[in-house]
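Construct the entire structure; sequences and hints are all you get.
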Amino acid sequence: MTSVTTRYLMTCAAIGAALGVLLIPANFVSAPLAAAAPMAYAPMVGLWIIGPVLALALLRRPGAAVLTTFVAGVVSSASPVGVYSIVTCLMAGAAVELAFLVTRYRVWRPWLFFVDALVFGAAYIASGWVAFDMGSMAPVVLVTFVVLMLGSFLACTWLGLFLAGRLARAGVARGLAPARGSATPAEVVPDAAR
Numbered sequence: 015m016t017s018v019t020t021r022y023l024m025t026c027a028a029i030g031a032a033l034g035v036l037l038i039p040a041n042f043v044s045a046p047l048a049a050a051a052p053m054a055y056a057p058m059v060g061l062w063i064i065g066p067v068l069a070l071a072l073l074r075r076p077g078a079a080v081l082t083t084f085v086a087g088v089v090s091s092a093s094p095v096g097v098y099s100i101v102t103c104l105m106a107g108a109a110v111e112l113a114f115l116v117t118r119y120r121v122w123r124p125w126l127f128f129v130d131a132l133v134f135g136a137a138y139i140a141s142g143w144v145a146f147d148m149g150s151m152a153p154v155v156l157v158t159f160v161v162l163m164l165g166s167f168l169a170c171t172w173l174g175l176f177l178a179g180r181l182a183r184a185g186v187a188r189g190l191a192p193a194r195g196s197a198t199p200a201e202v203v204p205d206a207a208r
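Just so it is clear: in the sequence shown, position 64 is 78 by my numbering, and no numbers are missing.
Please keep in mind that the hints were generated in silico from the structure rather than gathered at the bench. Predicted model only: the values in this text are computed from it and were never measured. Some hints could be false.
So the derived label-pair ranges between C-beta atoms look like this [as the list claims (entries may be wrong)]:
hint	residue 1	residue 2	range
1	P39	V97	31 to 39 Å
2	D147	L23	41 to 49 Å
3	S17	V160	38 to 46 Å
4	G165	T117	19 to 27 Å
5	A152	R21	33 to 41 Å
6	T20	R180	22 to 30 Å
7	M53	V129	36 to 44 Å
8	A169	A49	17 to 25 Å
9	S17	P94	37 to 45 Å
10	S150	P192	47 to 55 Å
11	L115	R180	20 to 28 Å
12	P192	V129	18 to 26 Å
13	V154	A92	37 to 45 Å
14	V157	G189	20 to 28 Å
Think of the CB as a built atom: it goes at the ideal place given N, C-alpha and C, for glycine as much as any other residue.
Printed below as a string of structure tokens:
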């Protein structure tokens with residue numbers, strides 16, 4: 015399946031719109047929290063990757079995360095961040111796609127989503143070293159801050175995979191996700207109820 019169908023585009027748009035609506039209030043509080051209370055900001059950084067993880071896990075097609083986050087950025091631009099939310103969301107989508115690009119979109123196992131979340135989380139933490147003045151944090155505070163951020167990325171990755179598994183079981187991806195690969199969309203995340 016190499017064609018881009020209307021159903022594929024609409025699925026990405028629906029996931030992106032839902033993420034965008036979630037990010038509007040997050041954008042209102044994230045900048046003030048990051049400046050005034052970084053410890054309160056750290057647990058929310060993973061919110062930006064729920065949508066791209068969900069889209070990639072459900073659709074298993076190149077570009078699904080980027081398209082989804084573009085729509086999310088457009089929707090969430092109705093916040094104090096404005097059009098910069100498009101850039102922020104696209105960066106998150108590209109970061110989530112990166113691990114799958116490296117594997118040439120042939121591996122769809124949950125571990126790859128989690129490795130990608132850890133790598134993206136570590137890069138995000140490194141890029142924010144100066145902004146959060148992490149060098150002046152007490153060691154215990156620094157470790158707590160890093161654990162909260164990485165935990166947020168991992169928890170939100172799990173949530174995206176969980177939602178993708180539920181949607182796949184409901185038949186949302188039937189005919190959209192390619193049959194090839196090492197896992198079907200329903201197998202991407204085990205049922206949490208088991």
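Which earlier hints turn out false for this structure, listed by number in ascending order?
-> Per hint list: 1, 5, 7 and 14 violated.
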